[in-house]
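> Now for the letters of each chain:
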Amino acid sequence: MGPTLVAGLREIWAHKFRSLLTMLGIVLGVSSLVAMSALVTGMERGAKEALIAIGGLARIRIEPAELPAEQRHLADQAVGITLRDVEALEQNIPLVTLTSPEMRIPVTVSANGRTFRPWLCSGVRPAALEMFEHRIAHGRMFNEIDDELARNVCVIGTATRDELWGAPEDIGREIIPVGETLYINGVPFVIIGMFEHYESEQERREREFRQRQQPQPQAQTGPQRDRGWGRRPGGFAFRLKNSTIYLPLNTVWMRFRGLVATTGFGPPRLQATNVVPDRAEPVLSSLEVKLASIEDLPETLQQMRNVLMVTHRGIEDFQFRTQEEWAEQIETFVRNARISGGLIAGISLLVGGIGIMNIMLASISERVREIGIRKSVGASDGDIFVQILAESVVISVLGGFLGMGAALGLVRLVSQLSPTGNEPIVTPLALGVAFGFSVVVGILAGLYPAVKAARLNPIEALRYE
Amino acid sequence: MALVELRNVSKIYHLGGEEIRALDNVSLDIEEGEFISIIGPSGSGKSTLMHILGCLDTPTSGTVKLDGIMIQDASPRELAAIRNRKIGFVFQFFNLLPKLNVLQNVELPMIYSGVPARERHRRAMAALEAVDMANRAKHRPSQLSGGQQQRAAIARALVNNPRIIFADEPTGNLDSHTGETILQLFRRLNAEGRTIVLVTHDPEIAAVTPRRIEIRDGRIAPKPDLRLAGLQTRQ
Ligand SMILES: Nc1ncnc2c1ncn2[C@@H]1O[C@H](COP(=O)(O)OP(=O)(O)OP(=O)(O)O)[C@@H](O)[C@H]1O
Ligand SMILES: [Mg+2]
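Those protein sequence lines, which keep their order, are chains A and B.
So for the first sequence, the numbering used here puts the first residue at 1; every next one is plus one.
So for the second sequence, the numbering used here puts the first residue at 1; every next one is plus one.
Quick caveat, the hints were computed from the structure, so don't treat them as lab data.
If you're wondering where the values come from, they're calculated on a predicted model, not measured in any experiment.
Be careful, since some hints might not be right.
What the hints assert, rightly or not - Just a few of them, taken from the derived set where beta-carbon distance is under 10 Å, the chain A residues facing chain B:
| no. | residue |
| --- | --- |
| 1 | 10 |
| 2 | 372 |
| 3 | 383 |
Claimed, not checked - Just so you have them, the derived chain A footprint on chain B, three or more residues with Cβ under 8 Å:
| no. | region |
| --- | --- |
| 4 | 17-30 |
| 5 | 91-99 |
| 6 | 142-155 |
| 7 | 188-199 |
Quick reminder that beta carbons are idealized off the backbone N, C-alpha and C, glycines included.
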């Protein structure tokens, strides 16, 4: 086996350029396989990170919904989502570990001579902190007493700070506006806490990259750096999260009850049927529920629906929203990307394999005499078979290694060209699969030529000119 | 028991319905230590006989026994092993691998018998020594004269210490002087105890071998050619 392999390597070395050309298909196939897999894995990780940032799969939102057609006439009796639902769910569904009622209001905030419209301003209970995986970096979250007494206190995200007092990157130092007064729709609130700055891994690297590139803040006259939302799905989730202001639930009810959105997510539409200026009972914008497990999600949802149907007196003016859709979208995207990447790689590998087979066939017809000589001095059919097969596999595996090298280089290049994108991740599995494929292609491509060479009749082979 | 026993061996080719009897009922014994020349006109079946003796080909009918082994019953793998260990072949066109140097060419049979690299090298050098080619070990065949190539090929035939050496017109491609040195080499090897069968067109070469076999139309001629006999008396 050793000398056979050496003979194969020597044969390849004797035709360096030809062998390199032959390897090209395998190089392309393997490098596209590894690079595609790395890119998709990177994107997958980014998307999953964002999914976790918004609370994960175990979080379910209950929000107002249009009544089903057969209940339309009961619209004026619909009660909406209320705090009674919260109690009912907590008492009847054991899987519910956390509830967070929410009253969303559209606001304009102002302080320090500037104004800002945050994406989300809502009245919540302290549990919202855990529900949405918020972390307080400075100050504190309001507590039950603040809520009970309907104090004018608020907790803000870094986006509000950035807009009203300036971002650390722009002004060169971090302002912590805890203790400052913030005017929310003209009502003064004391900022008692600020969340930490949320960002994806990529954004963190982007920020650090910028810091390294320009330690001194640049002139303010230039175009502002991109603060747009929604460039990437991952970044989007983090930006929304930073642009959050939380007020105590009771405070919102006391101060802004007329503004509370009760028509599902999005900009509030003031509909006569839905918003009653002086409602007796607090109506929520939505209610978030966290489950202990998502094992039996459909059954749990059914149970929750039954409980809510009682509190809503049989009127189905609510709906559930889960993160499954997003998770499924991630999965679908990843699957599609893998399939198309695999298809490209597969075609390249097929073409590469055909190229190798072609060159091996040419090579053995060039070497008929050599094969005859080897047989005459005692090479068995098996020896010849192994020799040709080994050559084919060596070409293919060398191509595979070149391809892996090319892929690693490519991935490096991609992450250097756009250090802010989802960093491609080369997994050992992808490398292993690529190596396996190059071995298999080498074997398949070499099989027929090797059989053909092994079957050569030694006398005819020796007579061959 | 003879080293080689051929019994009623025939080799028949069919070409477009026509039957060609390349060998026709040949029986032959070769004893250990013999030096035999095979002569005969072109197309008479000498090479065919050599190929069957050398286990490169199998007879259509008849039996071949080499060193106690029935060749026609052996599998291709066993035949390869017999070619490798018991037989040394020398060809008219040398048949060295052009991409390997002389040493590597001589090592080739030992690769297929699984001799370790160090031992291969030692034995190949010894065989090259024996044919006076040790100083050309690192040369490529294309850098050698015809006689030198043939001596390298003989070293390759010797290197696995075979029971018998078959040479099919080993001097056919050499000038008469070089041919003579090759013949001297064979005679020396025979004197050292090797069994050698040599095909030739050249009556002068056939004349120096102790035993001559003449083939005509695939058969062994009953008595030596008159022309040859004349040559012999003149010598
Ligand atoms: N593969 C084959 N198919 C058909 N006929 C063949 C084949 N090989 C040899 N023959 C025929 O067998 C006969 C003997 O051929 P062989 O090569 O043994 O002759 P030779 O005595 O070696 O001749 P030369 O002295 O020219 O080398 C010839 O008539 C040849 O045409
Ligand atoms: Mg011949």
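> Please go over all the hints and tell whether each is borne out by the structure.
Quick rundown of the hints versus the structure:
1. 10: Since chain B brings a Cβ to about 7 Å from residue 10/A, closer than 10 Å, the hint holds.
2. 372: Cβ of residue 372/A sits 8 Å from chain B, so the hint holds.
3. 383: holds (6 Å)
4. 17-30: Not satisfied, violated; 0 residues make the cut.
5. 91-99: Held - the region 91-99 of chain B has 5 residues with a Cβ nearer than 8 Å to chain A, which meets the minimum of three.
6. 142-155: violated (count 0)
7. 188-199: violated (count 0)
Figure legend: structure checked against the earlier numbered hints; hints not met, in rising order: 4, 6 and 7.
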